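**Q** Could you put the whole structure together from the sequences, leaning on the hints where they help?
FYI, in our numbering the residues of the sequence shown are 268 to 524.
Treat the hints with care, as some may be off.
[Stated by the list, open to error] Here are the in silico distance ranges between beta carbons for each label pair:
no., residue 1, residue 2, range
1, S513, Q410, 36 to 42 Å
2, Q494, P428, 41 to 47 Å
3, T422, A497, 33 to 39 Å
4, P428, T506, 17 to 23 Å
5, G492, D426, 32 to 38 Å
6, V430, A497, 37 to 43 Å
7, S463, P428, 41 to 47 Å
8, A497, R455, 31 to 37 Å
9, G521, D426, 16 to 22 Å
10, V460, D426, 24 to 30 Å
Think of the hints as simulated: they come from the structure by calculation, not from any bench.
In this text the structure is predicted, and so the values were computed from the model without any measurement.
All C-beta atoms in this analysis are idealised placements derived from N, C-alpha and C, irrespective of residue type, glycine included.
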Amino acid sequence: MSDELPDRLRAAAEGYEPDRDRMWARVSEGMREPRTGVEPVRTGWRIPQVALATGVAVVLIGAIVFFGHAMGIGPVVDPTPEPPAAGPGTRTAEATDPATTEDPSPDATSEDVEQTTGAEATTDAEDVDASADWLVTHGAIDQGSNDYWSQATLTLQNDEPLVALVVELRVAEREDLESTGSWSTDSRFGDAVVTSEDGFLVYRWTLRDDAVLPAGEYTLAGQFGHQDGARSADDDRYTFEAETESGDQGRSEGDFA
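**A** Here is the structure:
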């Protein structure tokens, strides 16, 4: 039986005729099926190859740069210019003109302020009429004064309405003085402010806010107590400073001698 098997297989092979139509149909059907890609397995032997290639590239680039600089190849960069040496006729950025940058000294500033203030005071003094005929004043010690108490009386006669008025009564403090009161004959005057300034007991009156004092005659008085005995008023004095509705300014002053 074993001797007949090869002969039978050979005879079957010779008599086999393949079905070509069926085979082409199978091939066409296989080509129409979607392919499923299989990612190749990465192995560790590629990493040394990449590192080796990178190292070779770095060495080549370094060699090119080195030989390029040595042979003068490459971009030309202008050297940074050295700053010029500061000679006698050269000014550096820090050596500026003192006349234009130095702050004025405190003394110079004070002098400038004093000069400006003095000029303004002179101008104001020139604008004030010390002999204004529309402003007449008088001062006297009241006849009711005695050895313990005195009253200094001031009178004002203004021929023009006044929009501003300052009245000062200065009583010399030769002995112990104590204010005992003050008064005026018109409610447009505010209450007297009493202070002690430079050896004087000072009574100061002003007009109330927005008040206009009509033309007329007015009286103001300051009262004070003192030591026993008659008191001399030789060093006492008074001052009136006024402004009219038209803007004229006047000043009047006097004493009680």
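**Q** Could you run down the list of hints and mark each one as holding or not?
**A** The hints, checked one at a time:
Range check, S513 to Q410: about 38 Å between beta-carbon atoms, so the 36 to 42 Å window is met. Taken as a hint, the range 41 to 47 Å holds for the pair Q494 and P428, whose Cβ atoms sit roughly 42 Å apart. A hinted range of 33 to 39 Å for the beta carbons of T422 and A497 is inconsistent with their spacing of about 23 Å. As the Cβ distance of P428 to T506 is approximately 20 Å, the hint placing it in 17 to 23 Å holds.
A C-beta distance of roughly 36 Å is found between G492 and D426, which places it inside the suggested range of 32 to 38 Å. As the Cβ distance of V430 to A497 is approximately 41 Å, the hint placing it in 37 to 43 Å holds. Checked against the given bound of 41 to 47 Å, the beta carbons of S463 and P428, roughly 33 Å apart, lie outside it. Checked against the hint of 31 to 37 Å, the pair A497 and R455 passes, with Cβ atoms roughly 35 Å apart.
In this structure the supplied range 16 to 22 Å holds for G521 paired with D426, their Cβ-Cβ distance being about 18 Å. One distance hint, 24 to 30 Å for the beta-carbon pair V460 and D426, holds here, with the actual separation near 27 Å.
Hints 3, 7 from the list above are not met by this structure, while the remaining hints are.
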